[in-house]
Amino acid sequence: MADSIPLPGPIDLPSTPKARPLMVEVLHAWVTTVDHKKIGLLYIGYALIFLVIAGLEAVIMRLQLAVPENRLVSPQVFNRLFTMHGTTMVFFFGMPILFGFGNYLLPLMLGARDMAFPRLNAFSFWISAFGGLLLYFSFLGGDGLYGAGTAPDVGWFAYAPLTAKVFSPGHSTDYWTLGVLLSGIGSVGAALNFVTTIISMRCPGMKISRMPLLAWLYLVMSCQVLLAVGPLTAAQIMLLIDRYLGGHFFDTQAGGSAVLWMHFFWIFGHPEVYILVLPAFGFVNEIIPVFSRKAMFGYAAMVAATIGIGFISFTVWAHHMFAVGMGPEANMFFTLASMVIAVPTGIKIFNWLATLWGGRIHFTTTMLFCIAFLFQFMIAGLTGIMLAVSPFDWQLTGSYFVVAHFHYVLVGAIAFTIFAAFYYWFPKMSGRMLNETLGKWHFWLFLIGFHLTFDFMHVPGVLGMPRRIYTYEMDRGWGVWNLIVSSGVIFQVLGIGCFVFNLLRSYFKGKIAGPDPWDAWTLEWSTRSPPPVYNFAAIPTVASRRPLWDLKHPEDPDSNYEI
Amino acid sequence: MSTASVTPREQAWTLPSRGVVGILCLIVAESAVFIIFVVAYIFYLGKSISGPSPHDVLEIPIVGTICLLSSSLTVYLSVDALRKNNVRVCSFWLAATVMLGSIFLGGTALEWHKLIYQDGLTIRTNLFGTTFYSLVGLHASHVVVGLIMLLLALVFALRGQVTEANAARLDVLSLYWHFVDAVWVVVFTVVYILGR
Amino acid sequence: SVPSWLTEGRTSIFSPKGTPAHLIFGLSMFVLAVTACIFLVVGGLLAYALIRYRHRATDPDREPAQIYGSNQIELSWTVVPALIIVVLFLATARIIFSTEYARRPAGALDVIVIGHRFWWEFRYPKLGIVTANELHIPVSDPRNPTPTYLEMSSADTDHSFWVPQLAGKMDVIPNRVNVMWIDPETPGLYLGQCAQYCGVEHAKMLLRVYGQSQSDFAVWVAQQRQLSTRDTTTEEGRSVFFHNACVNCHSIAGTTATGRFGPDLTHIASRDTIGSGIVQNTPDNLKKWIDNPDRMKPGCLMPPMHLNDRDLNAVTAYLTTLH
Ligand code: HEA
Ligand code: HEA
Ligand code: CUA
Ligand SMILES: [Cu+2]
Chain L
1 MADSIPLPGP IDLPSTPKAR PLMVEVLHAW VTTVDHKKIG LLYIGYALIF
51 LVIAGLEAVI MRLQLAVPEN RLVSPQVFNR LFTMHGTTMV FFFGMPILFG
101 FGNYLLPLML GARDMAFPRL NAFSFWISAF GGLLLYFSFL GGDGLYGAGT
151 APDVGWFAYA PLTAKVFSPG HSTDYWTLGV LLSGIGSVGA ALNFVTTIIS
201 MRCPGMKISR MPLLAWLYLV MSCQVLLAVG PLTAAQIMLL IDRYLGGHFF
251 DTQAGGSAVL WMHFFWIFGH PEVYILVLPA FGFVNEIIPV FSRKAMFGYA
301 AMVAATIGIG FISFTVWAHH MFAVGMGPEA NMFFTLASMV IAVPTGIKIF
351 NWLATLWGGR IHFTTTMLFC IAFLFQFMIA GLTGIMLAVS PFDWQLTGSY
401 FVVAHFHYVL VGAIAFTIFA AFYYWFPKMS GRMLNETLGK WHFWLFLIGF
451 HLTFDFMHVP GVLGMPRRIY TYEMDRGWGV WNLIVSSGVI FQVLGIGCFV
501 FNLLRSYFKG KIAGPDPWDA WTLEWSTRSP PPVYNFAAIP TVASRRPLWD
551 LKHPEDPDSN YEI
Chain W
1 MSTASVTPRE QAWTLPSRGV VGILCLIVAE SAVFIIFVVA YIFYLGKSIS
51 GPSPHDVLEI PIVGTICLLS SSLTVYLSVD ALRKNNVRVC SFWLAATVML
101 GSIFLGGTAL EWHKLIYQDG LTIRTNLFGT TFYSLVGLHA SHVVVGLIML
151 LLALVFALRG QVTEANAARL DVLSLYWHFV DAVWVVVFTV VYILGR
Chain P
1 SVPSWLTEGR TSIFSPKGTP AHLIFGLSMF VLAVTACIFL VVGGLLAYAL
51 IRYRHRATDP DREPAQIYGS NQIELSWTVV PALIIVVLFL ATARIIFSTE
101 YARRPAGALD VIVIGHRFWW EFRYPKLGIV TANELHIPVS DPRNPTPTYL
151 EMSSADTDHS FWVPQLAGKM DVIPNRVNVM WIDPETPGLY LGQCAQYCGV
201 EHAKMLLRVY GQSQSDFAVW VAQQRQLSTR DTTTEEGRSV FFHNACVNCH
251 SIAGTTATGR FGPDLTHIAS RDTIGSGIVQ NTPDNLKKWI DNPDRMKPGC
301 LMPPMHLNDR DLNAVTAYLT TLH
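Residue numbers (our numbering), protein chains in the order written: chain L, 1 to 563; chain W, 1 to 196; chain P, 1 to 323.
It should be emphasised that the hints constitute simulated quantities derived from the structure, not laboratory data. Don't take every hint at face value.
Computed cross-link-like contacts, EDC-like style, restricted to lysine to aspartate or glutamate with a CA-CA straight-line distance of at most 16 Å [what the hints assert, rightly or not]:
(1) L/Lys552 <-> P/Asp61
(2) L/Lys552 <-> L/Asp516
(3) P/Lys126 <-> P/Asp156
(4) L/Lys38 <-> L/Glu25
(5) L/Lys165 <-> P/Asp156
(6) L/Lys552 <-> P/Glu63
(7) W/Lys84 <-> W/Asp171
(8) L/Lys38 <-> L/Asp114
(9) P/Lys287 <-> P/Asp309
Covered stretches of chain W, going by a simulated chain L footprint (3 or more residues, C-beta under 8 Å) [unchecked claim]:
(10) 12-23
(11) 72-79
(12) 130-136
(13) 143-149
(14) 180-194
Here a beta-carbon is modelled for each residue, glycine too, at the ideal position from N, C-alpha and C.
Whole structure, please, built from the sequences with the hints as guidance.
And the structure:
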């Protein structure tokens, strides 16, 4: 029966070579595509462009902050830079790239031919993309490029009443609201599609308890998107009503509350950070076992921990508001809730450790990124625990310590695993391997840059440096630290440069990958690289969590051990 | 070779319908939006700095509510009829649903007209105005969307383009309509009963 | 025990000079110690696993033993972190109680803090003093505590009051009053700045808190309550001030200038700095400020007044007499 799983290797006839299509035809094909793989690649490409844009914004900020009393950019421009950087990185790099991988991988891993709703899928992508373009159009609006146009300058969480018409005249805030609102609609569409695909499109035998962990993480993450994006959308509608219809939701003059916005935003905002990190966990769950040559330790516990994180993440939002004066009871509640998340997260860390334990660890580039992730995520989580201790947070909130904490997760955990995912799945997507030597350069340069920048960023926070300041006084003793922080960015830029170069070069010249270059175990490796439009010549049937393991080890299949 | 690992072919492999899962996801996402508007409404109850207050101006929309709630039943009957491949009965109940929904909307329109022109309550007047029009308006906009879809279904049905095979789709639409109704129950309770 | 590079300067959270800051510091050290232990243990295990189980050329060709999980082990690493969390939580709760539920002593001083874009207004309701940007408060003796209670609100957007050596932050929010208390233990200048993004010049919304001995504080109070004597040599500047828009935004007690959009200037000459702490209060700086505040503090809300040189000098001279 196991032989109903297609054997690794080309499983369909090679397509007859056609005349090279015209540029317009190619473009047309991409724009009108409803194929999950192409949409996935569109998401990924678009996210990478935004990574570079938002990264360059960060570079300018770091130049400005390298020395005290710097006058490189004006305060107005600086405020736009961090707003655009944060908004872009979260909504137009983080979300799309994770959706991109999900789109590409889920149907393949679940043995399906496409997502549940292919046209909705295309719609979701294009509406998010349009949101990003709208956000960036703001640079051209108003007084044009000079003075950064009317790019929003209210920060990525856009606290009221700074966003009210009085404090933010013109349309800059509306670019933020509408851009993000559109991307939110796209996110809900994508999440809906993921959930439906995972629930209704699995191949025969792929019981929900047999799905690759990545699918579980996308399932929980999508449910979080469905629940969390609504509050943001609602708050943004209210903001638009305030700004355009003269409503008073956040109008403190008319009795409105500034704190209400904070609650609404963070009810979205906190789950959002887990939305970003869960797919990253998913990548690690796929990569670590393969390069330790061992099954994932504690599958059931991993699933339970994921679901646990999903639930708890909706109960902790006000840990972003410890300094708002919520009172001791609320502070204690949110302290406890935030710390409780450490338990399921700890389970994950320990299960990864146990997977490595007794394995045979291959230090490929993809694995290096995952290993760095393990250490960095742990440190970031521990600084998260410090922030969750509300009295400690009264000192730390709004300081560079928080900035260091969240870049440790967003860059040290999420960006690192995304890079890992590229090294791991690029061969599947393009049919060619990424170059390992360049990959090692990328890894080490980025690692050094990351640690120079974000390790040392904790220090000015402890020394009292608030975030979102365009410059700082000479006499505070923050200068040296900021210089070190800024110098790390050079290495990061070089690292990312290597990466981009590697992507382009390997796409044309890389070693041919073959269907299963890593000797891996999940279904996507059973089809051609890149997979044909229909993914699988015959829909596979699976009997365990690692169908290709069963195939490769018929004497000792996984299904013997399933509980 | 181990036989324990084999999925018996006989065991049919069925998964939940895509349409239903999809619409449930949409309902979850929409509920989250509504919850926030309801929370804002409750949070701002009695916080308006100037009048009018809900107690002064709101009247309980009994007719509209009865119409909307009974339209849940009619839409159910129309799906049921289609399942039995009775397109004519299906169209009849669809038409009834559309009519009931329209009466509800008309009621809201009249209510707003009175509030604006008689009581001078607009969205800019005070916090009550802002939260009231937003919440009720958000719901009404969902009713409008639902009505448009139902109307389309009705047109297709009358032109004879609907068959039993479309029952699953109509079912998905009816789920949305039930959701819109359920939201009204919450809005009604919060705005017209508890909040008055 | 804290390395000196983490306590240097006047804004380190690890060099506490007041009760709340001390309480937080103690808790921080505890949390840091616990998390450091976790890091060492888990990080050590990870490093060990990576080295011990690395792939070697001599490894046999078959796959390593497949292990799918173990309930006992997994249970243990669920329970141990849970216990650690209970401990951390209890330690936190204790500090929350001793700061937020602290009893207010009889000798406490009240100050109303109003955050403005981009400066601070301080009002002492019982003493009848209004000042800006430089907060003067008495040091507090533990045997006879005289903490200062700050009742904080905002005139426009959110701000946050943060003087790291004295206490943690408290947000300053419009249409809401937040209360916090501070009690410097030694006389001296404590620095801080606004810690909630409030617009263009958020970076330059600095804070200066002068902790003074009881007697020095009394002297300061007496001086602030007195109107400065009218200096006849600066009548010209006075008239410039009163014939320009200055009066719409600034107050000078005892005169017709009652604006509240900008800082109170009744005792401007007694302040060490202007522009919420960005420059020393010298006649030269004052003049530059009035000429074009935007050059010193780009984006600040005082417009350039376009005074001619003569008026500028005169008004500056007038302001320097407001002791
Ligand atoms: C992917 C993103 C991500 C992730 C995963 C996390 C994870 C966590 N974060 Fe973080 N956080 C952000 C992104 C993220 N955060 C962002 C973007 C902000 C700032 C937003 C802004 O203001 O702009 C922020 C801000 C932020 C704050 C508010 C700070 C402030 O503004 O004042 C707090 C406070 O509690 C916090 C706490 C935590 C906690 C407790 C975790 C926990 O989930 C961590 C759990 C993990 C571990 C603890 C490590 C592993 C566990 C073990 C090894 C087991 C043993 C451990 C113990 C027993 C303790 N975060
Ligand atoms: C996923 C999220 C994410 C990521 C990846 C990053 C990445 C980085 N961030 Fe970002 N950051 C945020 C999310 C993120 N950030 C958020 C949410 C905020 C809060 C905003 C707010 O307060 O509102 C923030 C704020 C923030 C600040 C604080 C601003 C302030 O408070 O004043 C700073 C300051 O140093 C900073 C720096 C950086 C740096 C140096 C990187 C680097 O890691 C970036 C590295 C990337 C590059 C350098 C790309 C450039 C690449 C090239 C140039 C190669 C090109 C080559 C070819 C094309 C061949 N970030
Ligand atoms: Cu005031 Cu920032
Ligand atoms: Cu959070």
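Structure-based check of each hint:
1. For the given pair, L/Lys552 sits about 14 Å from P/Asp61 by alpha-carbon distance, which is consistent with the 16 Å threshold.
2. A hinted pair counts as satisfied when its Cα atoms are at most 16 Å apart, and L/Lys552 with L/Asp516 qualifies at roughly 12 Å.
3. Between P/Lys126 and P/Asp156, the direct Cα distance comes to roughly 25 Å. Violation of the 16 Å bound is thereby established for this hinted pair.
4. Our distance criterion of 16 Å between C-alpha atoms is met by L/Lys38 and L/Glu25, whose separation comes to about 15 Å.
5. Under the criterion of a C-alpha separation no larger than 16 Å, the hint pairing L/Lys165 with P/Asp156 is consistent with the structure, at around 12 Å.
6. Restraint check: the Cα-Cα separation between L/Lys552 and P/Glu63 comes to about 11 Å, which is no more than 16 Å; the hinted pair holds.
7. A distance of roughly 13 Å separates the Cα atoms of W/Lys84 and W/Asp171; the hinted pair therefore holds under the 16 Å criterion.
8. Using a Cα cut-off of 16 Å, the hinted pair L/Lys38 and L/Asp114 holds, with the two alpha carbons roughly 11 Å apart.
9. Taking the CA atoms of P/Lys287 and P/Asp309, the gap is near 10 Å; set against the 16 Å cutoff, the hint holds.
10. Coverage of the region 12-23 of chain W by chain L holds [criterion: at least 3 residues with CB-CB distance below 8 Å; count 7].
11. Only residues whose beta carbon comes within less than 8 Å of a beta carbon in chain L count, and the region 72-79 of chain W has 0; fewer than three means the coverage is violated.
12. Note: the region 130-136 of chain W has 3 residues with beta-carbon separation from chain L under 8 Å; the three-residue rule is met and the coverage holds.
13. With a threshold of 8 Å between beta carbons, the proposed coverage of the region 143-149 of chain W by chain L is violated, since 0 of its residues qualify and at least three are required.
14. Beta-carbon proximity to chain L at under 8 Å applies to 0 residues in the region 180-194 of chain W; the threshold of 3 is not reached and the given coverage is violated.
Of the numbered hints stated above, those contradicted by the structure are hints 3, 11, 13 and 14, listed in ascending order.
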